[in-house]
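Residue numbering for the sequence shown follows my numbering, starting at 7 and increasing by one per position.
Hints listed in this document are in silico derivations from the structure and should not be mistaken for laboratory results. Hints may contain errors.
Unchecked claim - Pairs of lysine to aspartate or glutamate residues, derived as EDC-like cross-links and limited to a Cα-Cα distance of at most 20 Å, are as follows:
no.	residue 1	residue 2
1	Lys281	Asp301
2	Lys212	Asp280
3	Lys212	Glu258
4	Lys154	Asp219
5	Lys154	Glu93
6	Lys221	Glu259
7	Lys286	Asp324
8	Lys286	Asp305
9	Lys127	Asp149
Stated by the list, open to error - Between beta-carbon pairs, the in silico distance windows are:
no.	residue 1	residue 2	range
10	Asp394	Pro59	18 to 24 Å
11	Met134	Val309	37 to 43 Å
12	Lys221	His331	32 to 38 Å
13	Asn423	Glu45	26 to 32 Å
Idealized CB from N, CA, C, for every residue including glycine.
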Amino acid sequence: MTPTALFRVALLCLPLTLAAQSAYDIALIGDMPYGVANEPRYERVIADINALPSIEFTAHIGDTKSGSTRCDNSHYTRSLTWFNTFERPLLYTVGDNEWTDCLRANNGGFDPLDRLALVRKTYFGTNMSLGRRPIALQRQSDDPKYSKFVENAMLVKAPAVFVTIHITGSNNNLEYKTVQGAANPFYDSDKEYAERNAANIAWLRKAFQTARDTKSLGLMILTQANMFETFLDTSVGSTHSGFTDFIAVLREETGKFAGEVVMVSGDSHYMRVDKPLTDKYPSCLTPTGTCVPYDAAPDGRGVRVLNFTRVEVPGSSDVHWVLCHVRPNNRNVFQFEFMIVPETGTGATGVRTSVTGSGTAVAANTFETVGNQINLDASGSTSSNAGDLTYSWAASPGYPPAAIIGVNSATPVIQLNTRGTYQFILTVTDRTGAAASTNVTVRYS
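Sequences are here, hints too, so could you generate the full structure?
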């Protein structure tokens with residue numbers, strides 16, 4: 007066998023994680039949309055993500071509604087409709103606003119376990135992801151021992167493993183004894199928490215083992231709860247943290263893993279990328295009794311676990327998203343950018359259109375010409391964000407067709423056919439993605 011043939015055979019025998027080390031991007035979102043007013047902004051986030059071809063999939067880390075809005079059945083079907091407008095696959099993990107907090111009066115006073123059953127039925131009926139082009143996922147429910155936990159999923163995509171784990175805010179539903187100052191009529195003595203907590207820890211260990219088995223360079227954990235700043239949530243009557251067990255295993259497994267570990271979460275609506283995990287933080291000061299969270303200045307919290315990174319996504323009134331670059335050949339396999347989605351409208355975006363024409367200007371953006379050709383010029387358009395602008399011209403629906411020469415330039419030449427009134431749509435976009443559109447009318451007499 008020739009050396010070339012031997013090399014090819016060796017390459018074919020390599021694990022996928024070694025043989026196909028491709029760079030790609032993923033989108034991270036969560037805690038949205040909060041309220042009707044933010045729904046158009048959420049749709050702009052979706053459009054922004056769909057417009058970036060390098061994105062392989064999106065992960066929504068939970069809280070598809072605010073904690074003060076109703077948990078009616080219609081909410082879940084509407085959220086599913088939004089999820090399936092993502093052009094590429096979407097992974098989803100569950101937040102507290104979808105079920106644990108639905109017992110609140112302003113949420114409709116629902117039994118949380120009834121809402122949890124609806125969540126599982128609505129979003130996790132198959133082994134496929136959501137989105138217009140779903141992909142197959144490994145689910146924890148494939149194991150008969152954990153058949154209930156259809157929401158916990160895993161994806162191996164070299165050079166990383168991605169895992170969703172169902173851990174929520176509101177103290178992870180541990181000791182949820184009170185609701186808005188009154189006794190919780192649905193409190194189940196923590197049976198739900200105990201069963202799910204055991205499943206989550208088993209799933210976390212399996213994710214680390216999968217990362218080791220596939221020789222992955224990184225593991226990304228997708229979960230809703232902020233386990234650091236809200237390690238203990240006393241507002242629901244808790245005296246013990248719902249995250250103690252999980253954090254202990256996370257600390258142990260991360261210490262044994264040679265690659266990078268990233269936890270993507272939300273819940274507290276503060277966008278950040280940091281390294282909060284140490285050998286002491288977060289934890290309770292004593293192993294038994296009422297939990298008093300360990301507290302110290304950030305630079306005095308013990309030995310930092312340097313291969314662990316926490317990413318908290320924008321959320322609530324910050325309706326934006328995180329772009330994660332997965333780069334197998336870089337020092338940092340996971341790299342992050344906050345993608346700020348501009349508002350629409352000329353005033354909101356800072357983009358202003360300006361159009362002149364070679365014909366006679368008879369009104370704003372309206373020109374008359376006696377010839378069958380007119381030159382338009384939008385180079386006077388501006389943006390408060392500085393940088394270069396891009397231009398797009400299109401014929402308006404319902405008007406006669408015309409040939410646009412230079413459809414993506416500031417200065418197109420329009421070839422008109424028969425005499426009449428023509429209209430065109432100009433869209434000007436700046437480097438941030440902010441855009442403004444205007445109509446331009448041409449009368450050929």
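Legend entry - Hinted pair Lys286 and Asp324, Cα distance within 20 Å: violated, 31 Å
Legend entry - Given pair status - Glu259, Lys221, alpha carbons within 20 Å: holds, 15 Å
Legend entry - Holds or violated: Lys212 to Asp280, with C-alpha atoms at most 20 Å apart: violated, 25 Å
Legend entry - CB-CB spacing for His331 and Lys221 relative to the 32 to 38 Å hint: Given a distance of about 21 Å, which is not inside 32 to 38 Å, the answer is violated.
Legend entry - 20 Å limit on alpha-carbon distance, applied to hinted pair Lys127 and Asp149: holds, 18 Å
Legend entry - Proposed proximity, Asp305 with Lys286 (alpha carbon, max 20 Å): Roughly 12 Å between the alpha carbons, so the hint for Lys286 and Asp305 holds.
Inset, instruction - Mind checking the alpha carbons of Lys154 and Glu93 for me, to see if they're no more than 20 Å apart? - result: violated, 29 Å
Inset, instruction - Given the hint that Lys154 pairs with Asp219, test it: the Cα-Cα distance must not exceed 20 Å. - result: violated, 26 Å
Legend entry - Outcome for the supplied range 37 to 43 Å, where the beta carbon pair is Met134 and Val309: holds, 42 Å
Inset, instruction - Would you mind confirming whether the straight-line C-alpha gap from Lys281 to Asp301 stays at or under 20 Å? - result: holds, 16 Å
Inset, instruction - Could you grab the alpha-carbon distance between Lys212 and Glu258 and see if it respects the 20 Å cut-off? - result: holds, 13 Å
Legend entry - Distance restraint hint 18 to 24 Å, applied to the beta-carbon atoms of Asp394 and Pro59: holds, 20 Å
Hint check: violations occur at hints 2, 4, 5, 7, 12, 13; the rest are consistent with the structure.
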